[in-house]
Amino acid sequence: MNMPSTLFDKIWERHVVNRRTDYPDLLYIDRHFIHEVTSPQAFDGLRKRGLPVARIEQTIATADHNVPTKNQHLPIAEKLSRFQVETLRENCKAFGLPLHDLGSEKQGIVHVIGPEQGWTLPGMTIVCGDSHTSTHGALGTIAFGIGTSQVEQVLATQAILQYKPKTMRINIDGVLAKGVLSKDIILYIISQITTSGGTGYFVEYAGSAIRALSMEARMTICNMSIEMGARGGIIAPDETTFEYVKGRTFAPKGENWEKSVADWATLKTDNNAVFDQEHHFKAEDIEPWITYGTNPGMGIGVTQNIPELALNHTAKDMNKSLTYMGLEPQQALLGKKIDYVFIGSCTNSRIEDLRLVADIVKGKQKAKAVEVWIVPGSKKVEAQAIEEGLDKVFEAAGFDLRQPGCSACLGMNEDKIPKGKYCVSTSNRNFEGRQGPGSRTFLASPFTAAIAAITGTIEDARTYVG
Amino acid sequence: MKEIKSTCIPLQIANIDTDQVIPARFLKATTREGFGDNLFRDWRYLPGDVPNPDFVLNNSTYSGSVLVAGKNFGCGSSREHAAWALADYGFNIVISSFFADIFKGNALNNGILPIQVSDEILATLFEKIDQNPATEIFVDLPNETLEILGTDIKISFKINAYKKECLLNGYDDIDYILSMTDKIKAFVLS
Ligand code: SF4
Numbered sequence: 001m002n003m004p005s006t007l008f009d010k011i012w013e014r015h016v017v018n019r020r021t022d023y024p025d026l027l028y029i030d031r032h033f034i035h036e037v038t039s040p041q042a043f044d045g046l047r048k049r050g051l052p053v054a055r056i057e058q059t060i061a062t063a064d065h066n067v068p069t070k071n072q073h074l075p076i077a078e079k080l081s082r083f084q085v086e087t088l089r090e091n092c093k094a095f096g097l098p099l100h101d102l103g104s105e106k107q108g109i110v111h112v113i114g115p116e117q118g119w120t121l122p123g124m125t126i127v128c129g130d131s132h133t134s135t136h137g138a139l140g141t142i143a144f145g146i147g148t149s150q151v152e153q154v155l156a157t158q159a160i161l162q163y164k165p166k167t168m169r170i171n172i173d174g175v176l177a178k179g180v181l182s183k184d185i186i187l188y189i190i191s192q193i194t195t196s197g198g199t200g201y202f203v204e205y206a207g208s209a210i211r212a213l214s215m216e217a218r219m220t221i222c223n224m225s226i227e228m229g230a231r232g233g234i235i236a237p238d239e240t241t242f243e244y245v246k247g248r249t250f251a252p253k254g255e256n257w258e259k260s261v262a263d264w265a266t267l268k269t270d271n272n273a274v275f276d277q278e279h280h281f282k283a284e285d286i287e288p289w290i291t292y293g294t295n296p297g298m299g300i301g302v303t304q305n306i307p308e309l310a311l312n313h314t315a316k317d318m319n320k321s322l323t324y325m326g327l328e329p330q331q332a333l334l335g336k337k338i339d340y341v342f343i344g345s346c347t348n349s350r351i352e353d354l355r356l357v358a359d360i361v362k363g364k365q366k367a368k369a370v371e372v373w374i375v376p377g378s379k380k381v382e383a384q385a386i387e388e389g390l391d392k393v394f395e396a397a398g399f400d401l402r403q404p405g406c407s408a409c410l411g412m413n414e415d416k417i418p419k420g421k422y423c424v425s426t427s428n429r430n431f432e433g434r435q436g437p438g439s440r441t442f443l444a445s446p447f448t449a450a451i452a453a454i455t456g457t458i459e460d461a462r463t464y465v466g
Numbered sequence: 001m002k003e004i005k006s007t008c009i010p011l012q013i014a015n016i017d018t019d020q021v022i023p024a025r026f027l028k029a030t031t032r033e034g035f036g037d038n039l040f041r042d043w044r045y046l047p048g049d050v051p052n053p054d055f056v057l058n059n060s061t062y063s064g065s066v067l068v069a070g071k072n073f074g075c076g077s078s079r080e081h082a083a084w085a086l087a088d089y090g091f092n093i094v095i096s097s098f099f100a101d102i103f104k105g106n107a108l109n110n111g112i113l114p115i116q117v118s119d120e121i122l123a124t125l126f127e128k129i130d131q132n133p134a135t136e137i138f139v140d141l142p143n144e145t146l147e148i149l150g151t152d153i154k155i156s157f158k159i160n161a162y163k164k165e166c167l168l169n170g171y172d173d174i175d176y177i178l179s180m181t182d183k184i185k186a187f188v189l190s
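First to last, the sequence lines map onto chains Y and W.
Position one of the first sequence corresponds to residue 1 (our numbering), numbered consecutively onward.
Position one of the second sequence corresponds to residue 1 (our numbering), numbered consecutively onward.
Hints may be right or wrong, so weigh each one.
Said to hold, decoys possible - Derived DSSO-like pairs (lysine-lysine); straight-line CA-CA distance at most 30 Å:
1. W:Lys158 x Y:Lys164
2. Y:Lys164 x W:Lys5
3. W:Lys183 x Y:Lys164
4. Y:Lys70 x Y:Lys368
5. Y:Lys259 x W:Lys183
6. W:Lys185 x Y:Lys268
7. Y:Lys421 x Y:Lys364
8. W:Lys2 x Y:Lys164
9. Y:Lys48 x W:Lys164
10. Y:Lys166 x Y:Lys268
11. Y:Lys268 x W:Lys183
12. Y:Lys421 x Y:Lys392
13. W:Lys154 x Y:Lys48
14. Y:Lys259 x W:Lys185
Stated by the list, open to error - The following residues of chain Y were derived to be distant from chain W, with all beta-carbon distances above 12 Å:
15. Asp101
16. Glu388
17. Asp391
Worth flagging that the hints you see were computed from the coordinates, not collected in a lab.
Cβ atoms here follow ideal geometry from the backbone N, Cα and C, with glycine treated the same way.
Here chain Y stands alone, though its shape is the one from the complex (with noise of 0.2 Å):
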């Protein structure tokens, strides 16, 4: 009999092309998203070289990390952003590589098409250039981000040479409070096994609560496994699983569809598999999570107040943290003024986020003084959400519907937030500067960040939910 072996380990050792001691692994790669930040130079390299691009038809290439959220039809005025998105339509021009461009219908955030599309599917091997790769581990695939040297391996060779990491459990078991989301989850889980603490690990997700969560649920919590510094996240698939599969644009059909659901449902992690660690949360103990300082690991329950010091920092760390977000210790949150609301990003901008903040805001008006995102994670969130009414909802609240990007997660376009001012984000970073130069961040979930966009403060969802 066969060693019980994780779901990890199983995906792994379908994909290793060749495997020699002390060496890294040669592992096949069945789908490499890029983009235009982390491709240039890659390129470049192949050009160097004189190689093609190996695998053309399973390559997906879109421009969403620096792009406006504006008049996406006219040209890009800024010139830098111009000239990368315009090195990403030669490249693919000059390889042969079909681009999903700004305004064409499966254009979006990368971690957003990829799901939504059917290019990811349970059981494959996923990279991209971009470190919330991780994202697409919630349909049961081995998914991580990569360097630009390592895009330039990928395209040329279609593999990539990767050491085994360890791997994690992480169970979540029970039953989440109304008013509490899979991104409160994930926001909970790193502030207790830090930013560091999942380094060098890959994270299987597991538990009754985690089998409870939607698809773009799960999607939430495995994107931001790289923030408790893991490779990734990896979610066994289900019947959740291949009910949001079936029928995306590229998902197998017919006789094929029967026979890969057939397959992937023996990708599961055996009974008596071991982990390199385990550990094991309660959905009870999980209350509405926002952080507070300059690292997804610095968070507290909305209704705790910021402690004197945060787990594995110095009192050095925190007070530069504290000093950056202008909050002192044993500060509480709650009530707290902020000044602007950014809903997007591939954490949160699919349309189960979007369906979520419009149930909060229906009927209501934003506060006078919050300036309020909303930035859809692709073009067909976008469009459902039109289809939906729910950008009706959103207008007469006052808040600004945009077109699809990365937008204020990273400010790499202009929506930057201002210095000095706060912002309850549904991104992944609240990092000094991520949304701009001396921009402060909490990170929350699409409910958390509804509410502050109504009432202009922190409050908890639970006594607004339900």
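Starting from the structure of chain Y, add chain W with the ligand where the hints point.
Chain W with the ligand in isolation, oriented as in the chain Y frame:
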């Protein structure tokens, strides 16, 4: 890269993420060169592009090709631009007591050696540099040792055999993978 002797630039901050190493707004370039100018940009310059006198890169007391940084260096974004910025500025070694995975890989792919030491050694190194900015370290890559010169501290560090071979020979991942093209073809057909 075989042996390196250099003074160090100390940056005693933990959890330095790659957004600090090179902020996103400087990722618009389409070549690998020139990122050094914006290394640690938001710490290095005050508003109006005035060099911040309190930031270590603007302090002529410290120089060298070795960056000594606090724990968990390079977390966050996968941007290889962080490694390019460090290399372009002139660093070829980064010493810390913990590195984020993707950064470590990116550094090694760009001729930067990340050396992981214990918290104690890191603290000692910061202390020595603080007492005497002329403190030098000596790194022997083939033997995987790091010495703090003028002290009796000599430790060994670990780097994986494959990457060491690459660094020593200026060898490249793609050359190595391409040598296995037949295996990849066979894999696809199987
Ligand atoms: S939305 Fe943010 S985290 Fe996601 S891919 Fe874009 S920049 Fe990266």
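Query raised in the report: Hint by hint, which ones does the structure fall short of?
Result: 2 and 13
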